[in-house]
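A.B. asks: Take each chain as given, in its own frame, and dock them per the hints.
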Amino acid sequence: MADYQPVRTKVKSGKPKKRFMSEERKDALAAYLYISPFFIIFSVFSIFPIFFSFYLGLQRWNGLGSMEYVGLRNFRLIYEDPMFWKSIYNTFVIALMGTLPQLFVAFLLAFALNSTLIKFKNFFRISFFMPNVTSIVAVAIVFGTLFTNSETGLVNLVLSYFNISPINWGTNEWGLKVAIASMVFWRWVGYNTIIYLAGMQSIPNELYEAAKIDGANLRQQITYITLPLLKPVIIFTVFVSTIGSLQLFTEPLVFLGRTMREEGITMVLYLYREAFVNNAFGTASAAAITLFFIIIVFTTINLLIANRLGNSK
Amino acid sequence: MDNAQQKTKARKNLFSKILTYLLLFSGAFLSLFPFYWMFVIATNPNHVVNRLPPAMIPGDHLVINFLNVLSNINFFGAMFNSFIVSTAITFSVLFLSSLAGYAFAKLKFKGKNVLFVFILVTMMIPPQLGLIPSYLIITKLGWISDLRAIIVPGMVSAFGIFWMRQYIKEAIPDELIEAAKIDGCSRFRIYWMIVIPLILPAFATLGIITYMNVWNDFMWPLIILKDESVHTIQVALRLLNDAYVRDYGMIMSGTFWATIPLVIIFLIFNKFFIDSLTKGAVKS
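Chains A and B, in that order, are what the protein sequence lines are. Numbering of the first sequence is given in our numbering, commencing with residue 0 and proceeding in unit increments. Numbering of the second sequence is given in our numbering, commencing with residue 22 and proceeding in unit increments.
Hint data in this document are derived by calculation from the structure and do not stem from the laboratory. Hints are supplied without guarantee of correctness; some may be wrong.
Claimed, not checked - Here are the simulated DSS-like pairs of lysine-lysine, each with C-alpha atoms no more than 25 angstroms apart in a straight line:
id	chain 1	residue 1	chain 2	residue 2
1	B	Lys190	B	Lys133
2	A	Lys230	A	Lys211
3	B	Lys292	A	Lys118
4	B	Lys133	A	Lys25
5	B	Lys38	B	Lys28
6	B	Lys202	A	Lys25
7	B	Lys190	A	Lys25
8	A	Lys211	B	Lys131
9	B	Lys33	A	Lys120
10	B	Lys28	A	Lys118
11	B	Lys202	B	Lys190
12	B	Lys190	B	Lys129
13	B	Lys129	A	Lys25
14	B	Lys161	B	Lys300
15	A	Lys120	A	Lys25
16	B	Lys300	B	Lys190
17	B	Lys33	A	Lys211
18	A	Lys211	B	Lys38
19	B	Lys33	A	Lys118
20	B	Lys131	B	Lys190
21	A	Lys176	A	Lys85
22	A	Lys118	A	Lys211
23	A	Lys211	B	Lys30
24	A	Lys25	B	Lys131
25	B	Lys38	A	Lys118
26	B	Lys202	B	Lys131
27	B	Lys300	A	Lys120
28	B	Lys202	A	Lys118
29	B	Lys202	B	Lys129
30	B	Lys161	A	Lys230
31	B	Lys133	B	Lys38
32	A	Lys120	B	Lys133
33	B	Lys161	A	Lys120
Stated by the list, open to error - If you want the footprint, here are the derived chain A segments under chain B, 3+ residues with CB under 8 angstroms:
id	region
34	28-36
35	50-56
36	68-82
37	98-112
38	123-129
39	269-283
40	286-298
Just so you know, even glycine gets a beta-carbon here, dropped at the ideal spot from N, CA and C.
Pulled out of the complex, with its shape left as it was, chain B reads as follows (with noise of 0.2 angstroms):
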């Protein structure tokens, strides 16, 4: 009876493993499809979209595509934009969010709790709130079509400055600020040689959120980069997918090589995206 007991055990074991396998497997499945079809249409001519049965495997117009998207957009002046917008803004993020939540993690000043507080406040509010008022701004400055658009407003950020002051209290000891205080350093000196180097991970998590944000922002810079010349990579890709003549091998093209580049850095420091991304996420 014992043996017949272990046997069902034993039998219910590997049903609840198989089960688990198929949902994992299928999750990843799920998962990834999309990115091995974005590569399949990429290399295909426009047809086989309706086609019966629909290509499954890659075709030979990976070239020809990428080809017809240079000659619509301008693909890789368009990735350099969003290079170029959000190094700066996250370069930014990192130096302005670090000073201030050094500031706040270890400077004595009157207004401190309140000011803190008003910061976070504001990471509540929709932006789309203020969204039009910024577009006249935007306007009244002559930014329209211009990088400095995007770039001047993204360049401080409240939850920056969240997670810098939080990063700061806990991993800086106050006993060493006062050691370099009594030593004669500036308050910038402290900042700069001793708080800069111990914060280096919160620097790395926070310039990958700031990064990815920046990267994949769409909605401001849909409606201030008027001009093709200074669209970002996503402004661009929507203009590929709007066109009149509606060339699927051509849009998955460029939607696989903008995606690309992400996805490989990604998969080289995947563990780290990860933590980075979710933790984040999870500490507020």
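Here chain A stands alone, though its shape is the one from the complex (with noise of 0.2 angstroms):
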């Protein structure tokens, strides 16, 4: 601010022609100042980090010692370590059911809530949003008493009554992926069940009693109304919550605590686990690189694929 206090001085002393500084200028001075305590901070904590792990990624290096350069050689170190291609798969299996059965759900409830006639609407959507505040180390906790591995546990106890024999959530290869896309599955459906149902909400009404006196069923409506128009939406909450789901990493620590199994391990865990667990920052720095190209193919894909839909209508 300071800056530009003499500045107004010499305006008001008369002397515009003289006065160094223009009302551009000023604007230009003003905004360079607001905008950089962003770009300091961000240079120094975001865009410095990004490119010093290229550099680590090429050394190998223990965190306390001097680095070595070892070239390729902490990528060849992942790449023939089975347990990194597990967590890959891993985190891919958990995305798919943490996501796809969420954003049906989500719809099917946002559709229920958005038909005319529903009483309690608001309690509807507060209890449906309610997971959503809390956090995802108490969600994590919560799931783990409630999955847990002997038959009097929750889950096991329920699935008993459907005759199924008792699963072992915190060891069986699909009981733990199961567990923690739950978990994903709890705590975002009713997010984006408000937000399917803010879209549908924008959809005229007159839309379907036009379709109704055409003697267009329910199921018609949906596909032929409801979808076509919600696809911004929809395509929106797929790109959301595969991207974030990619990034999983709280649900799996806190769910299997200090085993860290590796049916269970995700790509980001195996990164955290490579770095501070193991002190070898340079394998690491390799798998957080590789998780960072495996997210931007990811998303050109899933970006390639919503422009083809949104192209198609």
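C.D. replies: Spelled out as structure tokens, the structure:
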């Protein structure tokens, strides 16, 4: 602010032609000042680290001694590590199990909420959304007590009524994934319901009325009115939730506890373990870079599909 | 015949109505049950988790379990740390984002578009990419186990700037700014006296989003805050959960009491919360 205090006095002193700072320059100076905090802090804590990651990926380093340049050895090391591939596989499987059913159910719930004569609408909205204000750590702890290995665990008990024998949620290949995916499901289904609901509410009711007069049944109304008009919103939610679930970390970490079993390890958990448990900062950086490219490729594919779908209509 | 047709139609309507309510109520039940379960376990002795049938009504261990929590982790200290960090970051993000958003929306300067696009692009980069070097920087600064390591990197937000710029662009007419300039207002005075009063709704939305994100953040605090005295509540809960002797009553008690303040605030301001948290998503 102090920078242009003198300027104002100059303007006031009635020598407009000689003032050394025009309105444009004042604008620019103020603007640079106002955006500089972002760029300073962001450079130090985000941009520099990103580039330094690529450097670290080529070093061998335990975090304490001196670094040693090893070329692409770190990448070879993790690509030869079956656990690394396992973590990628796990991440994609859990992401798929956590998001697709979730978005489907969210759509159904939103559609039900959007029908005209429903009572307690606000109660439903609030209940559906409440899981989203819970922290992921809390969700993982609570689900940890629901998905226990013993036959008296609540989920196993419910399954036993359907004649399904108890599952070792903490160790079983699929059990672990289902447990983790259901945490994602629970925390986000209401959030997406509200987003879909907002989208559905912007579809004029006359469209449905007209379709009904033409004899369209519920299914036809959904496929020819709701889905096409909701497409941008659906694409958006698919996009956000898949990218989000590629970065799964807290749920598996808390649920796996000290064991860090490979059945539930995700890409980010692998990275974390390399860096902060094994003190292998080089391979951890190589994993971070690989993760980055996987997300980029995945995002691009997502965008391409979205564009294609968007154009086909 | 007409009558019969009407009857089947009415029956069909009733059927679909029942189905709709069934869907909605089971959705609500599954959403709310874990909260109730949390409370039940938090008020019962440890062994009821493995009892058959499992406990379904609250017990009388409410106080004992919580006292156990207090003897295992610094619960109130951790809540306070979370409060400090979330509050500091929220105020900083609101101030710096609106200031930068104002610059991008209303001031003319060279490189404006390029810099703004740059900010948008940074939002796409997964934060894990720079995680390890960030950790090294914090180590070099001597900020391990220091709340500054959480607060300072969180003080600015690309999303915040984007959000504020969109809002300021729409909410404040250029003429207003020009008029103030002619009256001799400095740029900062315009921001302080004219822009801020007009963007309070955007403050509220961004504030909620930021506060919730910081309060629930886990990975970065887990890595940085090694000393128990600086743990945020999320890190403290994880510590409680990882204790060698698993006392479920105690673990759930800690989780319950850490969750309930936010839930109560959410219930009071539910409409505002839901609008804020989803609006940010839909707009971008």
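A.B. asks: A separate judgement is required for each hint: does it hold in the structure or not?
C.D. replies: Verification of the hints:
1. Simply put, Lys190 (chain B) and Lys133 (chain B) have alpha-carbon atoms about 14 angstroms apart, close enough for the 25 angstroms limit, and the pair holds.
2. For the hint linking Lys230 (chain A) to Lys211 (chain A), the alpha-carbon distance of about 22 angstroms falls within 25 angstroms, and the restraint holds.
3. A threshold of 25 angstroms between alpha carbons decides the hint, and for Lys292 (chain B) with Lys118 (chain A) the separation of about 17 angstroms falls inside it, so the pair holds.
4. Annotation: proposed proximity of Lys133 (chain B) to Lys25 (chain A) holds, straight-line Cα distance about 15 angstroms (limit 25 angstroms).
5. Using a Cα cut-off of 25 angstroms, the hinted pair Lys38 (chain B) and Lys28 (chain B) holds, with the two alpha carbons roughly 15 angstroms apart.
6. Distance restraint check for Lys202 (chain B) and Lys25 (chain A): the Cα-Cα separation of roughly 11 angstroms lies within the 25 angstroms cut-off, and the hinted pair is therefore satisfied.
7. A C-alpha spacing of about 20 angstroms is found between Lys190 (chain B) and Lys25 (chain A), which places the hinted pair at or below 25 angstroms, so the restraint holds.
8. Only pairs whose Cα atoms come within 25 angstroms are accepted, and Lys211 (chain A) paired with Lys131 (chain B) is rejected, the gap being roughly 56 angstroms.
9. Among the hinted pairs, Lys33 (chain B) with Lys120 (chain A) is consistent with the structure: their alpha-carbon atoms are about 22 angstroms apart, no more than 25 angstroms.
10. Only pairs whose Cα atoms come within 25 angstroms are accepted, and Lys28 (chain B) paired with Lys118 (chain A) is accepted, the gap being roughly 24 angstroms.
11. The hinted pair formed by Lys202 (chain B) and Lys190 (chain B) meets the criterion: a straight-line CA distance of about 17 angstroms does not exceed 25 angstroms.
12. Restraint check: the Cα-Cα separation between Lys190 (chain B) and Lys129 (chain B) comes to about 13 angstroms, which is no more than 25 angstroms; the hinted pair holds.
13. For the hint pairing Lys129 (chain B) with Lys25 (chain A), the CA-to-CA distance comes to about 9 angstroms; that is within 25 angstroms, so the pair holds.
14. Proposed proximity of Lys161 (chain B) and Lys300 (chain B) is contradicted: the alpha carbons are some 39 angstroms apart, above 25 angstroms.
15. A C-alpha spacing of about 53 angstroms is found between Lys120 (chain A) and Lys25 (chain A), which places the hinted pair above 25 angstroms, so the restraint is violated.
16. Taking the CA atoms of Lys300 (chain B) and Lys190 (chain B), the gap is about 17 angstroms. The hint holds against a cut of 25 angstroms.
17. Straight-line distance between C-alpha atoms of Lys33 (chain B) and Lys211 (chain A) comes to about 15 angstroms, which keeps the hinted pair within the 25 angstroms bound.
18. For the proposed pair Lys211 (chain A) and Lys38 (chain B), the alpha carbon gap of about 17 angstroms is at most 25 angstroms, so the pair holds.
19. A C-alpha spacing of about 19 angstroms is found between Lys33 (chain B) and Lys118 (chain A), which places the hinted pair at or below 25 angstroms, so the restraint holds.
20. At most 25 angstroms may separate the alpha-carbon atoms for a hinted pair to count; Lys131 (chain B) and Lys190 (chain B) meet this at roughly 18 angstroms.
21. Between Lys176 (chain A) and Lys85 (chain A), the direct Cα distance comes to roughly 12 angstroms. Compliance with the 25 angstroms bound is thereby established for this hinted pair.
22. With a C-alpha separation of about 23 angstroms, the suggested pair Lys118 (chain A) and Lys211 (chain A) falls inside the 25 angstroms cut-off, and the hint holds.
23. Taking the CA atoms of Lys211 (chain A) and Lys30 (chain B), the gap is about 13 angstroms. The hint holds against a cut of 25 angstroms.
24. Taken as a hint, the Lys25 (chain A) and Lys131 (chain B) pair is honoured in the structure, with Cα atoms around 12 angstroms apart against an allowance of 25 angstroms.
25. A C-alpha spacing of about 11 angstroms is found between Lys38 (chain B) and Lys118 (chain A), which places the hinted pair at or below 25 angstroms, so the restraint holds.
26. Between the alpha carbons of Lys202 (chain B) and Lys131 (chain B) the distance comes to roughly 20 angstroms, so the proposed pair stays at or under 25 angstroms and holds.
27. A C-alpha spacing of about 19 angstroms is found between Lys300 (chain B) and Lys120 (chain A), which places the hinted pair at or below 25 angstroms, so the restraint holds.
28. Between Lys202 (chain B) and Lys118 (chain A), the direct Cα distance comes to roughly 53 angstroms. Violation of the 25 angstroms bound is thereby established for this hinted pair.
29. This hinted pair checks out: Lys202 (chain B) and Lys129 (chain B) have alpha carbons roughly 13 angstroms apart, not beyond 25 angstroms.
30. Between the alpha carbons of Lys161 (chain B) and Lys230 (chain A) the distance comes to roughly 48 angstroms, so the proposed pair goes past 25 angstroms and is violated.
31. With a CA separation close to 54 angstroms, the supplied pair Lys133 (chain B) and Lys38 (chain B) exceeds the 25 angstroms bound.
32. Using a Cα cut-off of 25 angstroms, the hinted pair Lys120 (chain A) and Lys133 (chain B) is violated, with the two alpha carbons roughly 45 angstroms apart.
33. For the proposed pair Lys161 (chain B) and Lys120 (chain A), the alpha carbon gap of about 53 angstroms is over 25 angstroms, so the pair is violated.
34. Coverage of the region 28-36 of chain A by chain B holds in this model, with 6 residues showing a Cβ closer than 8 angstroms to a Cβ of that chain against a need of three.
35. Counting residues of the region 50-56 of chain A whose CB lies closer than 8 angstroms to any CB of chain B gives 3, so the stated coverage by that chain holds, three being the minimum.
36. Only when three residues or more bring their CB closer than 8 angstroms to a CB of chain B does the claim for the region 68-82 of chain A stand; here the count is 0, and the claim is violated.
37. Using a Cβ-Cβ cut-off of 8 angstroms, 5 residues of the region 98-112 of chain A lie near chain B, which meets the minimum of three, so the contact claim holds.
38. With 7 residues bearing a CB less than 8 angstroms from a CB of chain B, the region 123-129 of chain A meets the requirement of three and the coverage assertion stands.
39. For the region 269-283 of chain A, the stated coverage by chain B is satisfied: 6 residues place a CB nearer than 8 angstroms to a CB of that chain, which reaches the threshold of 3.
40. Proximity of the region 286-298 of chain A to chain B, defined as three or more residues with a beta carbon under 8 angstroms from a beta carbon of that chain, is established by the 6 residues found.
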